[in-house]
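Chain by chain, the residues run as shown.
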Amino acid sequence: MTTTEAQVPPAHRRGVAAARARHTVLRVLATLARSAAIFVPVFLVATFVTFALRALSGLSPARIQLGEQATPEAIARVEAQWGLDRPFLVQYWDWFTDVLHGELGTSWTNGADISTLIATGLGVSLSVAVFALVIGVTAGFVLGTLAALRRTTWIDRAVTGFVTVISVMPAFVVGIVLVTVFAVGLGLFPSGGYVPAAQGVGPWLAHITLPALALSLDVVADVARQLRTSLIAAHRENYVTGAVVRGLGPRRIFFGHVLRNGLGPTLATLGLKFPALVGASVVTEWIFGLQGFGRFANDSAQTGDVPAVQGVLVVSIALVVSFNLIVNLVLARVTPAAQRGV
Amino acid sequence: MVRRILGLTTGRIAVAILTVIALLAVLGPLFAPQDPLATSDHPLAGTSGSHWLGTDYLGRDVLSRLLDGSRVSVLGSLEVAVTALVVGAVPGILSVYLGRAFEWVTLRLVDTLVALPFLLFAVAVIALLGNGLTQAMLVTGVLVSPLFYRVSRAATLSVARSQYVEAAIISGASIGWIVRRHVWAKVLPPIAVAFAQTVGVGFVIVSSLTFLGIGVQPPEPTWGGLLASDLGYLGQKPWAPVAPALLIMATVWAGNLLADAIRDVSGEAGRALIDARRARPDRLDKTDPAPAGGTR
Chain A
55 MTTTEAQVPP AHRRGVAAAR ARHTVLRVLA TLARSAAIFV PVFLVATFVT FALRALSGLS
115 PARIQLGEQA TPEAIARVEA QWGLDRPFLV QYWDWFTDVL HGELGTSWTN GADISTLIAT
175 GLGVSLSVAV FALVIGVTAG FVLGTLAALR RTTWIDRAVT GFVTVISVMP AFVVGIVLVT
235 VFAVGLGLFP SGGYVPAAQG VGPWLAHITL PALALSLDVV ADVARQLRTS LIAAHRENYV
295 TGAVVRGLGP RRIFFGHVLR NGLGPTLATL GLKFPALVGA SVVTEWIFGL QGFGRFANDS
355 AQTGDVPAVQ GVLVVSIALV VSFNLIVNLV LARVTPAAQR GV
Chain B
208 MVRRILGLTT GRIAVAILTV IALLAVLGPL FAPQDPLATS DHPLAGTSGS HWLGTDYLGR
268 DVLSRLLDGS RVSVLGSLEV AVTALVVGAV PGILSVYLGR AFEWVTLRLV DTLVALPFLL
328 FAVAVIALLG NGLTQAMLVT GVLVSPLFYR VSRAATLSVA RSQYVEAAII SGASIGWIVR
388 RHVWAKVLPP IAVAFAQTVG VGFVIVSSLT FLGIGVQPPE PTWGGLLASD LGYLGQKPWA
448 PVAPALLIMA TVWAGNLLAD AIRDVSGEAG RALIDARRAR PDRLDKTDPA PAGGTR
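Chains as they are written, first to last, in the numbering used here: chain A, 55 to 396; chain B, 208 to 503.
Derived from the structure by calculation, the hints contain no laboratory data. Be careful, since some hints might not be right.
[To be verified] What the simulated footprint calls covered on chain B by chain A, stretch by stretch (three residues with Cβ under 8 Å from a Cβ of chain A suffice, anywhere in the stretch; the number is not a length):
no.	region
1	317-327
2	409-421
3	458-466
[To be verified] Reference listing, derived: stretches of chain A covered by chain B, where coverage requires no fewer than 3 residues with Cβ under 8 Å from a Cβ of chain B:
no.	region
4	225-237
5	260-269
6	336-348
7	369-381
[Stated by the list, open to error] Computed far set for chain A versus chain B, every beta-carbon distance over 10 Å:
no.	residue
8	71
9	73
10	82
11	127
12	129
13	132
14	177
15	192
16	253
17	256
18	304
19	305
All figures in this text were calculated on a predicted structure; none of them were measured in a lab. Glycine included, C-beta positions come from ideal geometry on N, C-alpha and C.
Let the sequences and hints guide you as you build the complete structure.
Here it is as structure tokens:
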């Protein structure tokens with residue numbers, strides 16, 4: 055093979071390289087376009103549902119600001135002040151264009167700017183979520199690969215059993231256990247609170263480790279289980295037999311053939327899992343006393359602060375959509391099967 | 208099918224656990240040794256003859272509160288599963304037959320529902336629309352319905368493209384007859400799997416919501432609420448969360464086991480699979496129903 059390649063004229067080879075690069079770029083663009091065609095309607099529908107919440111809830115800023123004994127005139131005045139007397143679709147359009155500009159409106163309870171409130175909470179939540187993803191993917195990858203490579207041995211059974219146990223533990227149960235053992239019992243980690251990374255990486259890691267662990271177990275279970283299944287399935291394919299027949303080493307077969315083909319479903323699972331991860335942050339932030347945006351959502355929902363809740367939902371939808379976009383891009387790059395529209 | 212599920216050890220375990228939990232939900236409040244709301248002057252007491260599982264921070268009997276709270280949790284998770292079944296499976300089957308427009312609209316709606324972080328959304332909707340657990344469960348049911356949609360749609364598609372259905376259409380069968388006669392038999396097992404899974408998921412959601420104190424009024428006992436009240440007193444009673452946590456985990460585990468058992472005995476090779484269980488230990492278990500679907 056190498057000798058024939060060396061004889062190719064340099065200009066021609068450059069042409070091949072350029073064509074290949076162009077092909078890659080086109081493929082990325084095609085994936086982006088295909089994903090956008092799916093995600094733009096998703097975003098539109100989701101924001102519409104979110105906005106319709108206010109009309110459905112029948113809540114009004116007047117109740118919060120004026121109390122229960124407000125006169126109808128006063129209520130009408132406050133609602134006009136917030137622009138709530140206009141037609142529903144006009145309100146939606148105004149709100150939606152503001153959202154596209156990154157402005158989520160002002161809170162009904164204290165008049166603060168919601169974008170700033172969420173931005174402060176988002177740092178906390180994203181630190182925890184990203185750390186949880188890192189733990190979950192790493193541990194899940196190791197466990198799943200181990201189980202698949204040593205299938206039908208005691209290692210496989212131990213991993214499968216462990217994964218079954220952690221997959222039935224809800225995030226808040228894990229959270230409580232972690233607090234009891236590592237914070238109250240052993241005193242290794244702080245039981246709650248948050249320190250920004252700017253004040254030192256050590257304390258920051260110490261504060262987000264337990265909540266990230268609590269969130270990550272679900273990801274570990276899903277990644278490990280899916281990876282084991284798809285790696286074993288890929289191992290049975292004809293191209294693996296073909297590679298063995300051609301005399302390729304086990305390492306090259308694993309990384310070049312098995313892993314590359316088995317990774318697709320796992321990545322897709324990860325994309326599906328992300329909304330659950332964002333949602334579960336409500337619970338973990340409550341347990342660990344973090345002022346993240348899940349906590350913010352819970353608090354504002356309980357006080358009936360509709361614009362704040364809508365803001366959090368929009369941000370979470372945007373997070374989910376962009377995460378899935380990244381997953382799709384990686385998927386298109388990694389697995390040949392994604393080209394066939396799987 | 209029921210007999211074949213009971214033929215598997217895992218199936219027997221799952222059915223046994225779920226039966227116990229269901230009995231707890233139906234009869235538990237009757238068995239409660241004491242009034243679950245009555246306070247006593249021994250707060251945070253340990254295990255004793257009169258309080259088998261001790262008392263909580265107001266001196267209320269934990270065992271009674273556990274038994275009394277079981278009904279809310281079990282009913283809630285069943286509501287989630289039934290709502291998801293109705294909202295998801297019916298459009299899933301129909302999407303194959305009602306033309307491209309309906310198919311496109313439902314697919315987009317399902318994509319949207321999948322993209323919503325359901326716990327966050329459930330919290331928001333419930334807190335804004337009123338503090339009732341029934342509404343809460345209906346909303347979560349709708350949010351988890353995409354699983355049923357995908358599963359039933361995939362099964363219906365595979366039937367609709369098979370040759371015996373073509374043969375039936377050619378010989379003049381109506382769509383209603385085909386659905387009743389052929390589609391139903393093929394769609395039921397995956398839906399049963401999804402249902403068992405959703406009961407487990409619903410259980411986690413109900414406990415998470417009650418843990419946050421959403422959907423129930425404070426004195427009423429729930430398993431999630433018990434955990435939440437234990438959290439503040441871990442220093443004095445570190446073992447308090449064990450009982451409710453174990454109950455929740457056992458129920459979720461039983462739901463997953465049942466799902467696996469149904470999956471094992473149903474499908475084309477259902478029977479062969481039971482016989483070959485020990486012969487082929489590296490069989491593909493736990494293939495997730497729609498792993499590749501989320502990104503479409």
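Hint-by-hint comparison with the structure:
1. Residues of the region 317-327 of chain B lying with their CB closer than 8 Å to a CB of chain A number 9, which satisfies the three-residue condition for coverage.
2. As drawn, the region 409-421 of chain B meets chain A at 6 residues by the rule of a beta-carbon pair under 8 Å; at three or more, the given contact holds.
3. Counting residues of the region 458-466 of chain B whose C-beta sits closer than 8 Å to any C-beta of chain A gives 3, which meets the bar of three, so the coverage hint holds.
4. Residues of the region 225-237 of chain A with a Cβ under 8 Å from some Cβ of chain B number 7, which satisfies the need for three, so the listed coverage holds.
5. For a cut-off of 8 Å, the count of residues in the region 260-269 of chain A with a CB near a CB of chain B stands at 0, and the three-residue condition is violated.
6. For the region 336-348 of chain A, the stated coverage by chain B is satisfied: 5 residues place a CB nearer than 8 Å to a CB of that chain, which reaches the threshold of 3.
7. Counting residues of the region 369-381 of chain A whose beta carbon lies closer than 8 Å to any beta carbon of chain B gives 6, which meets the minimum of three for the stated coverage.
8. With 10 Å as the threshold on Cβ separation, the claim that residue 71 of chain A sits away from chain B holds: the shortest Cβ distance comes to roughly 30 Å.
9. Once the 10 Å rule is applied to beta carbons, residue 73 of chain A is consistent with being away from chain B; the minimum gap is 28 Å.
10. Every C-beta of chain B lies more than 10 Å from that of residue 82 of chain A, the closest at about 15 Å, which supports listing it as non-interface.
11. With a minimum CB-CB distance of about 26 Å to chain B, residue 127 of chain A clears the 10 Å threshold, and the non-interface call stands.
12. With 10 Å as the threshold on Cβ separation, the claim that residue 129 of chain A sits away from chain B holds: the shortest Cβ distance comes to roughly 18 Å.
13. Residue-level check passed: residue 132 of chain A sits 19 Å from the nearest beta carbon of chain B, beyond 10 Å.
14. Listed as outside the interface, residue 177 of chain A is consistent with that label: its C-beta sits roughly 18 Å from the nearest C-beta of chain B, beyond the 10 Å cut-off.
15. With a least beta-carbon separation of about 20 Å from chain B, residue 192 of chain A lies farther than 10 Å from that chain, consistent with its non-interface assignment.
16. Every C-beta of chain B lies more than 10 Å from that of residue 253 of chain A, the closest at about 27 Å, which supports listing it as non-interface.
17. Non-interface call for residue 256 of chain A relative to chain B: holds, since the shortest CB-CB distance, roughly 25 Å, exceeds 10 Å.
18. Here residue 304 of chain A stays apart from chain B, with its beta-carbon at least about 17 Å from theirs, past the 10 Å limit.
19. Distance to chain B confirms residue 305 of chain A as a non-interface residue, since its nearest Cβ pair spans about 21 Å, more than 10 Å.
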